[in-house]
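Undergrad: Note that the protein sequences, when read in sequence, are chains A and B. To convert, note that position 379 of the first sequence is 379 in our numbering; the numbers rise steadily by one, no gaps. Offset between the second sequence (1-based) and our numbering: plus 509.
No wet-lab data here; the hints were simulated from the structure. We treat Cβ as the ideally placed atom computed from N, Cα and C, and that holds for glycine. There could be a bad hint or two in this list.
What follows is a set of in silico ranges between Cβ atoms, one per label pair, in the way DEER data are often shown [stated by the list, open to error]: (1) B:698 with A:110: 41 to 47 Å; (2) A:183 with B:756: 54 to 60 Å; (3) A:495 with B:677: 46 to 52 Å; (4) A:135 with B:706: 39 to 45 Å; (5) B:706 with A:183: 36 to 42 Å; (6) A:183 with B:744: 37 to 43 Å; (7) B:681 with A:95: 49 to 55 Å; (8) A:50 with B:677: 40 to 46 Å; (9) A:95 with B:698: 37 to 43 Å; (10) B:693 with A:36: 52 to 58 Å.
A short list of chain B residues far from chain A (calculated; beta carbon distances all over 10 Å) [to be verified]: (11) 573; (12) 604; (13) 609.
Single-letter residue listing:
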Amino acid sequence: MIRAGSIAWIARHEGRLAWRDLLWMMTAGRRRRARTLALGFIVFLLFMHGFAALMLASYDLGASSPDKRMLVMLMATLVLSWSLMLSQAIEAVTRAFYSRADFDLVLSSPLSAGRFFAVRIAAMVQTVLLMALAVAAPFVDVAVWRGGARWLGAYIVIVVLAALAVSVAVALTAALFRLIGPKRTRLVAQILAAVVGAGFVIGLQLAAIQSYHTISRFMVLQSDLLINAAPATSSVLWWPARAILSEPLALIAMLGLGTAVFGATVCFFAPRFAGYVLAAAGASHAPKRESRKSAAFRNRSVAAALRRKEWMLLWRDPWLVSQTLMQLLYLLPPAFLLWSAFGQGGTASILVVPVLIMGAGQLAGALAWLAICGEDAPDLIASAPVPSARALRSKTEAVMIAIAFVFGPFIVFLAAIAPFCALVACLGVALGAASATSIQIWFRTQAKRSHFRRRQTSSRIATYAEALSSCSWAGTGALAAAGSWLAIAGGVIALAILGGALMISPSKK
Amino acid sequence: MDHAPPPLALEIRDLAKRFERPAVDGIDLAVPAGEFFTLLGPNGAGKTTMLRMVSGLLKPDRGTITIYGIDALADPVAAKRVTAWLSDEPMIYDKLTPIEYLDFVAGLWGVAGDVASARAADLIEWLGLKPHAQERCESLSKGTRQKVALAGALVHEPKLIVLDEPFTGLDAGSARLVKSVLRERVKAGCSVLMTTHILEVAERMADRIGVISEGRLIADGTLDELRSKAGAGEVSLEDTFLALIATGTVEA
Numbered sequence: 001m002i003r004a005g006s007i008a009w010i011a012r013h014e015g016r017l018a019w020r021d022l023l024w025m026m027t028a029g030r031r032r033r034a035r036t037l038a039l040g041f042i043v044f045l046l047f048m049h050g051f052a053a054l055m056l057a058s059y060d061l062g063a064s065s066p067d068k069r070m071l072v073m074l075m076a077t078l079v080l081s082w083s084l085m086l087s088q089a090i091e092a093v094t095r096a097f098y099s100r101a102d103f104d105l106v107l108s109s110p111l112s113a114g115r116f117f118a119v120r121i122a123a124m125v126q127t128v129l130l131m132a133l134a135v136a137a138p139f140v141d142v143a144v145w146r147g148g149a150r151w152l153g154a155y156i157v158i159v160v161l162a163a164l165a166v167s168v169a170v171a172l173t174a175a176l177f178r179l180i181g182p183k184r185t186r187l188v189a190q191i192l193a194a195v196v197g198a199g200f201v202i203g204l205q206l207a208a209i210q211s212y213h214t215i216s217r218f219m220v221l222q223s224d225l226l227i228n229a230a231p232a233t234s235s236v237l238w239w240p241a242r243a244i245l246s247e248p249l250a251l252i253a254m255l256g257l258g259t260a261v262f263g264a265t266v267c268f269f270a271p272r273f274a275g276y277v278l279a280a281a282g283a284s285h286a287p288k289r290e291s292r293k294s295a296a297f298r299n300r301s302v303a304a305a306l307r308r309k310e311w312m313l314l315w316r317d318p319w320l321v322s323q324t325l326m327q328l329l330y331l332l333p334p335a336f337l338l339w340s341a342f343g344q345g346g347t348a349s350i351l352v353v354p355v356l357i358m359g360a361g362q363l364a365g366a367l368a369w370l371a372i373c374g375e376d377a378p379d380l381i382a383s384a385p386v387p388s389a390r391a392l393r394s395k396t397e398a399v400m401i402a403i404a405f406v407f408g409p410f411i412v413f414l415a416a417i418a419p420f421c422a423l424v425a426c427l428g429v430a431l432g433a434a435s436a437t438s439i440q441i442w443f444r445t446q447a448k449r450s451h452f453r454r455r456q457t458s459s460r461i462a463t464y465a466e467a468l469s470s471c472s473w474a475g476t477g478a479l480a481a482a483g484s485w486l487a488i489a490g491g492v493i494a495l496a497i498l499g500g501a502l503m504i505s506p507s508k509k
Numbered sequence: 510m511d512h513a514p515p516p517l518a519l520e521i522r523d524l525a526k527r528f529e530r531p532a533v534d535g536i537d538l539a540v541p542a543g544e545f546f547t548l549l550g551p552n553g554a555g556k557t558t559m560l561r562m563v564s565g566l567l568k569p570d571r572g573t574i575t576i577y578g579i580d581a582l583a584d585p586v587a588a589k590r591v592t593a594w595l596s597d598e599p600m601i602y603d604k605l606t607p608i609e610y611l612d613f614v615a616g617l618w619g620v621a622g623d624v625a626s627a628r629a630a631d632l633i634e635w636l637g638l639k640p641h642a643q644e645r646c647e648s649l650s651k652g653t654r655q656k657v658a659l660a661g662a663l664v665h666e667p668k669l670i671v672l673d674e675p676f677t678g679l680d681a682g683s684a685r686l687v688k689s690v691l692r693e694r695v696k697a698g699c700s701v702l703m704t705t706h707i708l709e710v711a712e713r714m715a716d717r718i719g720v721i722s723e724g725r726l727i728a729d730g731t732l733d734e735l736r737s738k739a740g741a742g743e744v745s746l747e748d749t750f751l752a753l754i755a756t757g758t759v760e761a
């Protein structure tokens with residue numbers, strides 16, 4: 001029998017909430033989806049294992065002692081994984097600080113707040129860990145299958161990395177609270193999460209572009225320059241990589257580090273967590289004043305009023321800004337590639353085209369969801385003397401203009417280097433964005449704007465159709481920019497995906 | 510000399526809507542222009558469904574809705590032009606200020622900029638929103654948000670105001686303010702169709718009261734007419750209402 005108020009009792013409560021939350025996120029509350037979901041999960045696992053086997057096919061995983069090249073790759077994988085975990089952890093901690101959720105109930109009860117938040121910090125580790133395992137476990141399994149049981153150490157390292165990521169995230173967010181106050185922490189932490197998540201990959205890509213004029217980061221990781229500059233294989237710096245291979249000393253050191261840091265974090269921050277939550281609640285209640293008055297009450301059409309409203313709402317939501325920033329960050333390497341290729345033209349410009357098209361499709365899908373599905377006052381729009389088709393058209397215009405605003409400068413710059421590639425990119429961006437927006441329109445269901453992070457739950461088909469359509473248009477663009485007639489086939493596939501999505505969409509039924 | 514009857518603000522004939530069971534089941538109702546009509550009924554009686562159909566937010570399964578002579582089902586845009594809808598959950602945007610919200614609503618209803626600006630200034634003043642005019646709505650209290658939504662409903666000067674439980678969550682001061690704003694509008698010739706669970710509000714404000722139960726309008730009339738219909742004598746509206754619901758008398 002678990003004693004009420006004990007750590008185990010709180011953990012059981014948190015576990016139940018987390019499980020139901022996860023289930024809702026995957027099934028959108030529809031019971032029938034659970035079976036499909038289980039099947040989908042099995043298919044996903046099989047696919048990921050196949051993919052991992054393919055990716056690791058050329059590596060000698062059974063080598064008795066790892067060479068420098070292998071250690072570099074392992075360390076790079078660790079840093080990449082950790083940066084993604086840290087990004088997720090910062091977001092989770094920020095969300096915990098600012099979402100009031102059940103805090104009013106908990107903080108007004110005689111339960112020890114420190115104990116409660118200790119469990120909640122542990123729950124964050126579990127969330128980050130599960131997300132990491134979904135991607136990493138198939139690779140570890142394949143490594144164990146091909147290289148032996150010593151690769152099982154990777155699982156322990158992943159647990160340690162998750163604990164370290166959450167510890168650093170908690171400390172970082174608390175430090176931001178002290179430095180810039182709870183009001184600004186939310187936005188800064190969100191941007192930080194986006195930058196940290198993409199930073200390592202982008203850094204490697206920038207280095208690859210600078211040194212090898214390619215966007216592939218593996219060129220840097222496998223370069224002789226890096227291998228020669230790396231420390232000797234006996235260095236302590238390689239211990240995290242060696243822990244993956246279950247080398248006892250390295251593994252014990254990693255476990256010790258993780259336990260010590262996480263323990264210290266819980267002991268130090270859990271009792272203070274309630275203070276941060278209360279400060280954050282105070283910040284969210286503090287009125288935010290707008291000083292600009294000039295643009296109000298001008299004669300404008302219904303379409304202009306709707307567009308203006310959409311842009312203001314997008315611009316003023318730091319959560320959404322950081323979410324979209326993550327997507328825009330990935331445009332940095334192609335921008336840098338363009339800059340470094342300026343005056344040279346050639347193949348570098350072709351590489352940029354699919355990246356731009358892909359980015360436009362993804363961003364348009366996100367913005368279209370916000371404008372169309374995430375309407376906060378649907379009754380107001382529906383009760384206004386505006387035909388619903390016209391309202392929808394205005395919202396679509398708002399999305400497409402936003403896309404033009406973001407991607408226009410890239411295309412103009414590209415036009416100065418390679419006019420044909422710019423033309424292809426322009427068409428591709430327009431088609432990719434229009435396709436993603438159309439899919440959102442066809443599969444639209446009313447949702448709360450705050451559910452943006454879970455927008456994929458309303459329709460998995462829409463999510464996959466949107467991703468496939470963006471990929472197809474990106475491929476088509478790359479082929480067209482390279483002057484290949486195969487681009488026609490790519491275009492046909494993209495149109496077929498769109499047609500298929502329309503046929504099975506609720507709007508057609 | 511006979512006076513011509515006042516034009517009808519709202520005329521509903523045989524209105525019906527079914528979800529899993531009939532929510533609204535063949536309602537007939539006529540609200541003359543300049544009348545304050547209140548709908549009462551227990552939870553799940555079909556009040557909100559009926560109001561949503563009048564506001565063009567829900568399509569009826571059968572029946573007709575005519576607003577100031579406009580067939581609301583055939584020409585919903587024209588009907589919406591003279592109607593305002595306000596629910597108990599304020600339909601506002603957290604990231605906009607009240608001024609920006611009113612600007613947006615005025616844009617939706619196609620009100621000219623200078624006219625909208627003057628009306629918004631009056632409403633802001635009238636509803637005591639001036640201290641919050643430049644604050645984002647996310648930081649406003651429930652009552653203030655409801656007042657912002659009411660200002661939005663009035664900024665395009667509707668001829669028919671449809672309100673669903675507008676006093677939910679309002680403090681006494683805010684409720685009194687909203688009541689006085691609605692009374693002023695009715696005095697100015699506007700018609701109001703409102704649901705409420707607060708019987709005192711219906712008793713004090715309504716020209717006529719309708720009682721709805723299980724999707725049917727079981728009685729409508731002035732308070733005195735309802736009392737005589739319920740056969741309850743000189744009792745409160747609460748007793749009259751409960752007697753009517755208990756008997757479930759369908760008005761002949």
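Undergrad: For which of the previously enumerated hints does the structure constitute a violation, in increasing order of number?
TA: When the structure is compared with the hints, numbers 1, 4, 6, 7, 8, 9, 12, 13 turn out to be violated.
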